[in-house]
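Enquirer: Sequence:
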Amino acid sequence: MEKNGGPPAEFILILTMSDFPIKSPGNAGILPASAPHKAWHSRGYLPHFDHPGLVQSITFRLHDSVPADVIVQWRRELKLTGEEEANDPRCVEVRVRIEKYADQGRGECWLSDPAVAKVVEDALLYFDGRRYHLLAWCVMPNHVHVLIETHEGFPLGDVIHTWKSYTAKECNKLIKRKGDFWMPDYYDRFIRDGHHLQKVWRYIEENPVKAGLCAKAGDWKWSSAAGSAAILAASGGAGGTPAFPAPPSPTSLSSCCSRPQSRLS
1 MEKNGGPPAE
11 FILILTMSDF
21 PIKSPGNAGI
31 LPASAPHKAW
41 HSRGYLPHFD
51 HPGLVQSITF
61 RLHDSVPADV
71 IVQWRRELKL
81 TGEEEANDPR
91 CVEVRVRIEK
101 YADQGRGECW
111 LSDPAVAKVV
121 EDALLYFDGR
131 RYHLLAWCVM
141 PNHVHVLIET
151 HEGFPLGDVI
161 HTWKSYTAKE
171 CNKLIKRKGD
181 FWMPDYYDRF
191 IRDGHHLQKV
201 WRYIEENPVK
211 AGLCAKAGDW
221 KWSSAAGSAA
231 ILAASGGAGG
241 TPAFPAPPSP
251 TSLSSCCSRP
261 QSRLS
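For the sequence shown, counting from 1, position 163 maps to 163 in this note's numbering; every step adds exactly one.
Since the hints were derived computationally from the structure, they do not count as laboratory data. The reader is advised that the hints may include incorrect statements.
To be verified - Quick list of in silico lysine-lysine cross-link-like pairs, DSS-like style, CA-CA up to 27 Å:
hint : residue 1 : residue 2
1    : K164      : K199
2    : K118      : K221
3    : K79       : K118
4    : K216      : K79
5    : K210      : K100
6    : K221      : K173
7    : K176      : K216
8    : K169      : K221
9    : K221      : K176
10   : K199      : K216
11   : K176      : K164
As the list claims (entries may be wrong) - Simulated DEER-style distance windows between Cβ atoms:
hint : residue 1 : residue 2 : range
12   : K169      : E93       : 28 to 38 Å
13   : G212      : G53       : 13 to 23 Å
14   : R76       : K100      : 16 to 26 Å
15   : R90       : E170      : 16 to 26 Å
16   : L125      : T81       : 31 to 41 Å
17   : K178      : S112      : 34 to 44 Å
Glycine residues also receive a C-beta, built at the ideal position from the N, C-alpha and C atoms.
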């Protein structure tokens, strides 16, 4: 039996891990545990919310995946000023347009190179369990989707800056180029409840299928779905394993996703 994408049943435990004290690693270059979280704030023209223990869906893209002038044109058309809340229908419309545009495989698509994709995936996995809990991810040819739970003392913006700065340097080395690798800023959305969690988790893992890159989510090597599929295959396709059981019902997770007070500062 083929496993569908989505959160494992024990995710209810992952979501409550932020209730426990987290020790700050002593490695050089790691942010101190006292680093402040910024709640609602803006970097450039995108609204962000940062709070420890929050489950966040994040997307960042190659710098040529969606031309900046195209985004500016869309924002002008929709009369966006940068003061809107993230769930404003016009902001949602911009995100939908960007997703559709990027899924067409625009730009150089450097992440389609397996060596480049591995650098990015390894960077996401490196601090898992120390700076954040990495829940789901997918490295697409020209953009990256990530679902994480943030940790106290490691603000979301700093986590993403580490991913992008390290991978930009290493990937540029691999493809023998200089210059911007990632588009400035990033998109993030906090997870409201169990239904939203399942929807986002499946969206991330099914993105390669939607884009016509593979037949099944587990076929895409650079994603959390690939790991789930490998374990399922090793188990003989029994419909779940201790590590990756069948997804829970949304109601079993609804109390675990807290909704922050909404308002941009």
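Enquirer: When the hints from earlier in the document are held up against this structure, which numbers fail?
Expert: 3, 4, 7, 13, 15 and 17
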